[in-house]
Amino acid sequence: GDSVTQMEGPVTLSEEAFLTINCTYTATGYPSLFWYVQYPGEGLQLLLKATKADDKGSNKGFEATYRKETTSFHLEKGSVQVSDSAVYFCALRGPIQGAQKLVFGQGTRLTINP
Amino acid sequence: KAGVTQTPRYLIKTRGQQVTLSCSPISGHRSVSWYQQTPGQGLQFLFEYFSETQRNKGNFPGRFSGRQFSNSRSEMNVSTLELGDSALYLCASSSADRDTQYFGPGTRLTVL
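Chains as they are written, first to last, in the numbering used here: chain A, 1 to 114; chain B, 1 to 112.
Simulated from the structure, these hints should not be mistaken for laboratory data.
Here the structure is a predicted model, which means the values were calculated and not measured.
The list that follows gives simulated cross-link-like pairs (lysine-lysine, DSBU-like), each with its CA atoms no further than 35 Å apart:
(1) A:60 to B:57
(2) B:57 to A:52
(3) A:49 to B:57
(4) B:57 to A:56
(5) A:68 to B:57
Work out the full structure: start from the sequences and follow the hints.
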């Protein structure tokens, strides 16, 4: 079945450092890909998404490109802030019409130190 | 627009009891999905409802059930609670088929 594998955490960086969180997936067809973020005590917030190969999703300085050839959707940010500290989840939704099920990676806890 | 709301936010139950959680989607959204989040298993899909019909179901025992009402509000029920049912239960809604899902804050269930 479909699956998502994320870079193991936790990840600790200093403010203004460059961030990469790796995400690879296994799926049949052409899934849609997402990054969600979870702040302490809260639900998930959509960070960005891409629905077809070579699409780049971006939001709040974060970017991720849908790479079909490497089945990857790595999250990047050029200069992280303390406020970016959270848990980040990569997810996919299969291409089948009528299927809203999201398959999530295990999550990566990010801590940014000032 | 108000976001997805879930009630209650926190719940403590004992083994063997049953529980009902509620989710009110964003106004106009017809699809509601439920997920269980635990430290060990991560985020797992429970089921999805669209226009009052269960459209997809995850790999959970029959003790987990749900329904959706004509106003798109959804409830999920867990019967005969087990310690392992302790989790954050998240609800997500979307406006149409294949649209982005927006999550509520979750209900934290603790089973003692």
